[in-house]
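Visitor: Sequence:
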Amino acid sequence: MSEEGPDLSCFDFGEAEAEASEGREAMLKRHRKEEQAVRTEAKARKHAIHKADRAARAAADAALEAALEEMRRRHAAELRAGGGEGGGGGGGGGEGGGGGEAEAGGEDGEAASALGELSLQEKGGGGRGKAGKRRAKKEEAERERERRIAACHSGAGPSEREVEMRQIAEQLTPLGLRVVDIAADGHCLYRSISHQLGMGSEAFAVCRHTAAEYIRSHPDDFLPYIAAEGAELGQYCDKVATSNEWGGQLEITALANAHKRCVHIYSADAPVLVTCPQFEELGPKVLLAYHKHYYGLGAHYNAVAPA
Numbered sequence: 001m002s003e004e005g006p007d008l009s010c011f012d013f014g015e016a017e018a019e020a021s022e023g024r025e026a027m028l029k030r031h032r033k034e035e036q037a038v039r040t041e042a043k044a045r046k047h048a049i050h051k052a053d054r055a056a057r058a059a060a061d062a063a064l065e066a067a068l069e070e071m072r073r074r075h076a077a078e079l080r081a082g083g084g085e086g087g088g089g090g091g092g093g094g095e096g097g098g099g100g101e102a103e104a105g106g107e108d109g110e111a112a113s114a115l116g117e118l119s120l121q122e123k124g125g126g127g128r129g130k131a132g133k134r135r136a137k138k139e140e141a142e143r144e145r146e147r148r149i150a151a152c153h154s155g156a157g158p159s160e161r162e163v164e165m166r167q168i169a170e171q172l173t174p175l176g177l178r179v180v181d182i183a184a185d186g187h188c189l190y191r192s193i194s195h196q197l198g199m200g201s202e203a204f205a206v207c208r209h210t211a212a213e214y215i216r217s218h219p220d221d222f223l224p225y226i227a228a229e230g231a232e233l234g235q236y237c238d239k240v241a242t243s244n245e246w247g248g249q250l251e252i253t254a255l256a257n258a259h260k261r262c263v264h265i266y267s268a269d270a271p272v273l274v275t276c277p278q279f280e281e282l283g284p285k286v287l288l289a290y291h292k293h294y295y296g297l298g299a300h301y302n303a304v305a306p307a
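The UniProt record's numbering numbers the first residue of the sequence shown as 1 and each following residue consecutively.
The hints are simulated quantities; they were obtained by calculation from the structure and are not laboratory data. Here the structure is a predicted model, which means the values were calculated and not measured. Here a beta-carbon is modelled for each residue, glycine too, at the ideal position from N, C-alpha and C.
Derived DSS-like pairs: lysine-lysine, alpha-carbon spacing no greater than 30 Å straight-line:
#	residue 1	residue 2
1	Lys43	Lys133
2	Lys51	Lys137
3	Lys239	Lys133
4	Lys29	Lys137
5	Lys43	Lys239
6	Lys33	Lys130
7	Lys292	Lys260
8	Lys138	Lys33
9	Lys33	Lys292
10	Lys260	Lys51
11	Lys130	Lys29
Across the chosen pairs, the derived CB separations fall in these ranges:
#	residue 1	residue 2	range
12	Glu65	Gly230	20 to 26 Å
13	Arg54	Ala305	32 to 38 Å
14	Ala81	Gly198	52 to 58 Å
15	Glu69	Arg178	35 to 41 Å
16	Ala270	Arg178	16 to 22 Å
17	Lys133	Arg166	39 to 45 Å
18	Glu280	Arg73	48 to 54 Å
Start from the sequences, fold in the hints, and give me the full structure.
Guide: This is the structure:
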């Protein structure tokens, strides 16, 4: 994160300008969706950080708060710009001199009131059942992720990405290696490992099930870490097997043991991380690159291959 605050350029908030004529209710609904997308993304990102890494988790919380604050300022500005369109009054000529400040104060109050209404509506929910809300929430998160990735591919990624890629390349180039771009859809770790195992990145579902079954059958090795996250073993394994939840070091360890492969993980700010070195001589190593800034606010894994 730069000193200027979080980079939200990867979030496609441009729709707000294109919908200048939307009514107040439509605007509030869109604001709810945008805030929920940011919260969902931040929750997934924080889940990928180990429980013991308090500094990283605190930084993730701070990034979320800064992102929400910036977004709420924008929402307030949109509500002020919408003025009386959604209903509610506003008196008279807008070009007068001294009355402008008082009018602006009234608009700020209305915007604050609308934001309060936004939070209440979000908590209170609508007429949909819980399953419908979860489904809609998941679909919106997927759409937001796709928009963010598309924006990054078009050159809107944060400058930290370029710095990080250069630092990783400085490690890989002398070894005759390069980063292989893997889709960022929540399955990136499993896609990267299946690519390295010669299964093709589309075999990520097989890797998910393999990791889940290994963890399930070796509870003593993993339960202390899973319990530290407040999860139950069976539920955790089900999520690994069937969801698009990001994978991390626990799943890397499970897959390394299941396939008896040593895993090397390259990152910009740390020496290469070696998992299961006891399998170093048993077969080709699984080579991964770990990125903190590859897609906006999210951590990401890529595969590594000969240049």
